[in-house]
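Required output: the full structure, derived from the provided sequences and hints.
Taken in order, these protein sequences are the chains called P and Z. Heads up: the first sequence begins at 1 in the working numbering, then just goes up one per residue. Heads up: the second sequence begins at 1 in the working numbering, then just goes up one per residue.
By construction, these hints were calculated from the structure, which means they are not laboratory data. From a predicted model like this one, the values you see are computed outputs, not experimental measurements. Any given hint might turn out to be false.
[As the list claims (entries may be wrong)] Covered stretches of chain P, as calculated for chain Z (at least 3 residues, CB under 8 angstroms):
id, segment
1, 70-84
2, 99-113
[Claimed, not checked] BS3-like cross-link-like pairs, simulated, lysine-lysine; straight-line CA separation at most 27 angstroms:
id, chain 1, residue 1, chain 2, residue 2
3, Z, K49, P, K113
4, P, K11, Z, K185
5, Z, K64, Z, K49
6, Z, K10, Z, K214
7, Z, K8, Z, K291
8, Z, K246, P, K124
9, Z, K246, P, K11
10, Z, K263, P, K28
Just so you know, even glycine gets a beta-carbon here, dropped at the ideal spot from N, CA and C.
What follows is each chain in one-letter form.
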Amino acid sequence: MTEKNRENYNKNYIAYVNSFDPPTHHFKNCLRAFAVGGFICVIGQFLRYMLEALFALTGDALAGTVSVILIFIGTLLTGLGVYDRIGRNAGAGSIVPITGFANSVASPAIEFKTEGLIYGMAAKMFIVAGPIIVFGVFAGTLVGLIYLFL
Amino acid sequence: MTNTVFFKNKPRIVATGTIAGPKDCAGVVGRFVDKALSDDTFGETTYEKAECKMLAYAIQQAMKNGGVREEDVDMLISGDLLNQIISASFAARDFDLPFLGVYGACSTMAESLALAATFIDSGHFKKIVAATGSHFSSAERQYRYPLELGCTRPPQAQWTVTGAGGVLVANDGGRVAITSATFGKVVDYGITDVNNMGAAMAPAAATTILTHLKDTGRDASYYDLIVTGDLGALGSRIVKDLVWEKGVDIQPNHVDCGEIIYKVIEDEFQGGSGAGCSAVVLGSYLMDKLKKRELNRILFAATGALLSTVSSGQGESIPCICHAVSIENV
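Next up, the structure:
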């Protein structure tokens, strides 16, 4: 078979395979993500009101404390083996909030613990979250530069 | 030049040893395995160690069920899915046997079985154990994401079977014989989606099945069952279509190990996969049916996707292979 023929053949096969694809239920997935993601945000907002009322926190201190608590909850649920089950059903709803970020750092840390503390846990802790940090910092720098010159 | 070897001495499958995890035993193989694990770590500290221990158990059990001692066995042929086939090599450490490590991804059971039969048929060896296994948690970590990561599984995904199977092949003993083997060619139809293994492997399965039928001059209906390895539900549909295109109908007697192994479809979606999938189904359920003569002729065609995380990261498509072994009551 020549290169060209093979390419065409492959294209036909891939199109044929795609016709079999089980449908993704976008609407249902969005609804679930909205419900779970919204619920996490409600918890965050609740914490915000509580901290404001009880400890009189404001501004950055308030926002920081809420984030820390949410990260703790996300990590704890990961360690207890619950977060992946939530994630399987909620999809983006539990991946996008800060608890999802905590999960993406904690889960490889647990997973690679068997390969040692330094080369296992610590080195591989960011295999999932690494790209988010890299592009987060990059995007932040870019926006900062634009802001500086405007 | 044909790709099929006919065994004139008809090497026998004397016995099998199988072990499977809790989720896997909930399905069809549960009643037939030698050991059903309630704990998928098998008392070990890591999943890799558990996989190795399961494989060693399957090898040991195959010898025990066949009533042979370790010193009577001439060779061990085995492989697994992990990098550098560590489970197979580490399991071989426990045995005082010459060892051949093979890698055919999920097709390893068929590959090692075909090699064992060829070696025995040659007359140089009398007893060989062919074995393979896989573990969901170790495979998931190597090929995909950490276990606790809260990500969703796409609907085309399959679930790696936690289990291992060993087969004792000998020059005589019993009535279940390996009559021929078709060694497969690497087939790649350009699928790059690592979550759609069924679609990637189906062309390899179709190619080998067609080659086997052509080489042997047999009709598909000659076999009671044509068993593919781990194509899953989606891949099974595709393989039937591909074979049908070439004028062969395997619709009535085709069955896929991956499709039948799980009873409850929860997160498995398309069914089981992994080297352990076809090894466990062959070693437990199918062997039982063969021994009871409820099945007399099967074509066991295990399929494997020969990719690595590096190759898929570099955007390569997925080359696949399928070896077929015909197992018959004689």
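Quick rundown of the hints versus the structure:
Given a C-beta distance limit of less than 8 angstroms, the hint that chain Z covers the segment 70-84 of chain P holds, as 5 residues qualify and 3 suffice. Counting residues of the segment 99-113 of chain P whose CB lies closer than 8 angstroms to any CB of chain Z gives 9, so the stated coverage by that chain holds, three being the minimum. Annotation: proposed proximity of K49(Z) to K113(P) holds, straight-line Cα distance about 14 angstroms (limit 27 angstroms). For the suggested pair K11(P) and K185(Z), the alpha carbons sit about 21 angstroms apart, so the restraint of at most 27 angstroms is met.
Of the supplied pair hints, the one linking K64(Z) and K49(Z) holds, its CA atoms being roughly 22 angstroms apart against a limit of 27 angstroms. Taken as a hint, the K10(Z) and K214(Z) pair is honoured in the structure, with Cα atoms around 20 angstroms apart against an allowance of 27 angstroms. This hinted pair checks out: K8(Z) and K291(Z) have alpha carbons roughly 21 angstroms apart, not beyond 27 angstroms. Of the pairs offered as hints, the one joining K246(Z) and K124(P) is violated, with about 48 angstroms between alpha carbons and a cut-off of 27 angstroms exceeded.
A threshold of 27 angstroms between alpha carbons decides the hint, and for K246(Z) with K11(P) the separation of about 19 angstroms falls inside it, so the pair holds. Among the hinted pairs, K263(Z) with K28(P) is consistent with the structure: their alpha-carbon atoms are about 25 angstroms apart, no more than 27 angstroms.
Hint 8 from the list above is the single one not met by this structure.
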